[in-house]
Amino acid sequence: MKLPDLTELAVRNLRESLLRNSLTTVGISVGVASLVAMLSLGIGLQQLASRRLMKSGLFDTVVVTSRRDLRNFAHEEERSGPAPGESRILDESTRQEIEHLPNVLEAYPDIRFITELRYEDKPHLTMVSALPESAKSNDAFEQMQGRFFSSDMAAEVVIQKAFAEELLGKTPKSGLDETNVASLAAPLLGKELVMRYAQREASPATSSSAAKGAAKDTSVASGDENLASVAYSVVSREHKLKIVGVADLDPESMRGPTRARVFLPLKLAESLHVMQPTDLREISRAATDQPAYSSISVRVKNPSQIRSIEDAIKKMGFNTFSILDATRSLQQFFAVLDLFLGIFGSLALAVASIGIVNTLVMAILERRREIGIMKAIGASDGDVKKLFFAEAGAMGILGGVIGVALGWAIGQAINLGTNIYLKRQALPPEHFWAVPWWLVGAAIVFAFVVSLLSGLYPAGRAARLDPVQALRYE
Amino acid sequence: MSSADVSPRNGTAAIHAERLCRHYRMGETLIRAVDGVTLTVRAGEFVALLGSSGSGKSSVLNLIAGLDRPTSGSVVVQERDLAQLSREELSHYRLHTVGMVFQSFNLIASMTLAENVELPMRFAEVDRGKRDSLAREALTRVGLRARMNHRPSELSGGEQQRAALARALINRPQLLLADEPTGNLDSRTGTEIMNMVREFNQQLGMTVVMVTHERALAERYAQRLIFLADGKLVGDEANPVVVSAAGIESSGRETVRP
Chain A
1 MKLPDLTELA VRNLRESLLR NSLTTVGISV GVASLVAMLS LGIGLQQLAS
51 RRLMKSGLFD TVVVTSRRDL RNFAHEEERS GPAPGESRIL DESTRQEIEH
101 LPNVLEAYPD IRFITELRYE DKPHLTMVSA LPESAKSNDA FEQMQGRFFS
151 SDMAAEVVIQ KAFAEELLGK TPKSGLDETN VASLAAPLLG KELVMRYAQR
201 EASPATSSSA AKGAAKDTSV ASGDENLASV AYSVVSREHK LKIVGVADLD
251 PESMRGPTRA RVFLPLKLAE SLHVMQPTDL REISRAATDQ PAYSSISVRV
301 KNPSQIRSIE DAIKKMGFNT FSILDATRSL QQFFAVLDLF LGIFGSLALA
351 VASIGIVNTL VMAILERRRE IGIMKAIGAS DGDVKKLFFA EAGAMGILGG
401 VIGVALGWAI GQAINLGTNI YLKRQALPPE HFWAVPWWLV GAAIVFAFVV
451 SLLSGLYPAG RAARLDPVQA LRYE
Chain B
1 MSSADVSPRN GTAAIHAERL CRHYRMGETL IRAVDGVTLT VRAGEFVALL
51 GSSGSGKSSV LNLIAGLDRP TSGSVVVQER DLAQLSREEL SHYRLHTVGM
101 VFQSFNLIAS MTLAENVELP MRFAEVDRGK RDSLAREALT RVGLRARMNH
151 RPSELSGGEQ QRAALARALI NRPQLLLADE PTGNLDSRTG TEIMNMVREF
201 NQQLGMTVVM VTHERALAER YAQRLIFLAD GKLVGDEANP VVVSAAGIES
251 SGRETVRP
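Protein chains in written order, with this note's numbering: chain A, 1 to 474; chain B, 1 to 258.
Simulated from the structure, these hints should not be mistaken for laboratory data.
Honestly, I wouldn't trust all of these hints.
[Claimed, not checked] Among the chain A residues that face chain B by a calculated CB cut under 7 Å, a handful are:
| # | residue |
| --- | --- |
| 1 | 102 |
| 2 | 366 |
| 3 | 370 |
| 4 | 381 |
| 5 | 467 |
Just so you know, these numbers come straight off a predicted model, no measurement behind them.
A virtual CB, placed ideally from N, CA and C, is assigned to each residue, including glycine.
When you get a sec, could you build the whole thing from the sequences and use the hints?
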């Protein structure tokens with residue numbers, strides 16, 4: 001029999017015993033709903049956790065340093081690859097090269113320096129750090145008062161809470177720190193800070209073009225053309241900055257660029273050519289406009305790609321550092337959690353599949369005569385078997401579709417309920433329930449397959465039915 | 001044996017049963033429903049199987065229909081030994097070679113007449129469009145065109161049996177097997193149905209084997225009467241009243257006891 005005929009007959013037969021088949025279908029949908037609910041909870045929690053981790057910037061970042069930096073983390077790496085003195089310098093071209101690696105979101109230099117900031121003519125010495133625009137979504141700035149930088153070049157600063165206290169002349173309390181950020185921010189937002197810093201400035205006499213000219217002159221005794229251009233000035237500068245935000249973050253808990261008390265927009269910080277510790281080491285490059293970076297932070301699209309990106313960067317001849325293991329074990333944990341949730345969810349579906357077997361066996365008993373007639377007028381064993389399979393499959397698909405909808409609705413209801421609760425507790429709402437499309441498809445397919453498996457025994461039994469016996473009794 | 005002169009390999013033999021047995025167990029006792037029946041039905045013949053209930057006439061019909069398999073012996077229909085066919089081949093045989101009608105009509109209650117009639121064509125994987133027109137044509141032939149969208153329960157017994165006849169003929173089989181086709185009908189509708197069966201036999205040249213316990217009915221329509229008792233063939237006589245459509249001259253009564 002052809003598939004459209006089969007489907008038509010199956011649906012017709014299902015409609016004949018509407019109540020019983022509906023109840024069986026409801027059974028399947030409850031099973032599918034519980035499976036979908038359980039798995040979407042697992043997936044949602046996993047997404048929530050990785051979203052949190054991504055926001056923290058801890059697990060999606062690779063810190064790249066030059067091998068020339070001998071104060072580095074991994075000492076064993078110095079033995080492989082080029083010797084420190086011969087290895088590459090971290091500069092703008094390297095940054096672009098890294099940024100063009102596959103799966104890299106962005107690569108930005110870490111610019112940090114200690115300098116003096118004047119507020120109402122009182123000097124304050126502190127660590128200043130540059131932040132890329134993408135740091136806006138970092139959860140360190142979630143509870144921030146005021147706003148983030150208006151642009152990457154704006155003469156604006158975001159200051160950290162403890163620094164705000166210092167500016168206002170308050171002594172930070174030890175122990176429980178319950179100072180309200182808002183009360184600190186109110187008098188400071190919109191005020192001006194004056195930053196004093198050391199600018200590295202290439203000396204005009206030995207600019208790079210002049211150096212090239214000198215190199216052509218064979219009379220340069222040293223024979224090292226670069227040496228001729230080694231010269232720069234360190235100039236004291238001042239820059240006025242407006243306080244636009246006060247961040248409620250603990251500098252000691254944070255990593256990398258956020259471990260500072262004052263934050264500048266990245267492009268602005270770069271344009272200032274602030275003297276960096278590396279400038280002393282990379283003296284051979286000092287005369288160029290292109291600064292060498294002490295380190296570059298590389299953000300990747302997915303924490304799982306960190307290893308391959310690290311390998312690629314190492315091949316370029318740099319040292320790298322990242323936190324890998326935390327995400328690994330987290331992924332393992334969620335795999336196990338999903339497995340368990342899936343097993344519990346499947347239990348209901350297993351019960352439902354027994355319902356299918358029961359319904360179809362009942363249908364065989366009821367439709368003995370009909371099966372006998374069909375065989376007498378020429379239906380093959382296969383036709384009868386397929387018909388029962390089609391009935392099981394139709395209940396499976398219908399139950400699957402209803403079940404997915406039901407599971408989704410349950411998830412939404414629980415999400416809503418939890419968020420009302422979270423709101424009452426004055427906590428931000430969370431989305432810990434996710435029904436991805438693949439789960440929708442997989443749940444329906446799974447319900448279909450389980451139904452077909454349940455139909456295996458009844459269909460076989462119906463196909464083997466002896467037509468003479470079936471037709472004998474009225 | 002009057003039919004013994006027709007060899008089973010002869011093209012004119014539609015059905016040939018040779019020492020056909022169908023035994024089955026009911027608890028401890030062995031029931032010999034069919035016990036060594038040998039008979040031949042010629043192509044185009046109208047044969048009645050007569051006997052009291054339990055004589056084995058329906059069992060013989062089921063064996064010819066390929067609904068049942070013999071315990072021993074053979075049934076050869078159109079040169080195919082049904083005992084040798086696989087289950088799949090048997091269903092194909094039932095679908096294309098045999099049309100059956102029953103005492104209790106055996107229409108599927110949940111389907112309309114049109115759907116009942118086209119059901120064998122669904123099994124034969126005939127296209128939907130062709131199916132619709134053939135079903136309509138068949139129902140028109142038995143005078144039920146106006147009732148084609150009714151369910152069997154809305155019809156009289158005679159109408160149901162006419163629909164069953166339409167269904168039996170829809171795949172153009174060469175063999176029509178009827179098991180007490182008038183058993184549930186009053187004599188007037190019974191006559192109507194039997195006239196239709198005779199029409200199919202004479203106009204379409206179908207071989208008809210009809211099981212009945214009514215001798216009078218058999219004598220009115222069948223060219224040959226075969227008598228069964230306790231699973232054995234006890235008589236095989238030509239019916240002088242009915243002239244064979246296949247052109248075989250009836251040669252008077254002769255009764256053979258095996």
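How the hints compare with the structure:
1. 102: Violated. Min distance 53 Å.
2. 366: violated, 11 Å
3. 370: With Cβ-Cβ at 6 Å, under 7 Å, it holds.
4. 381: holds, 6 Å
5. 467: Status holds, d = 5 Å.
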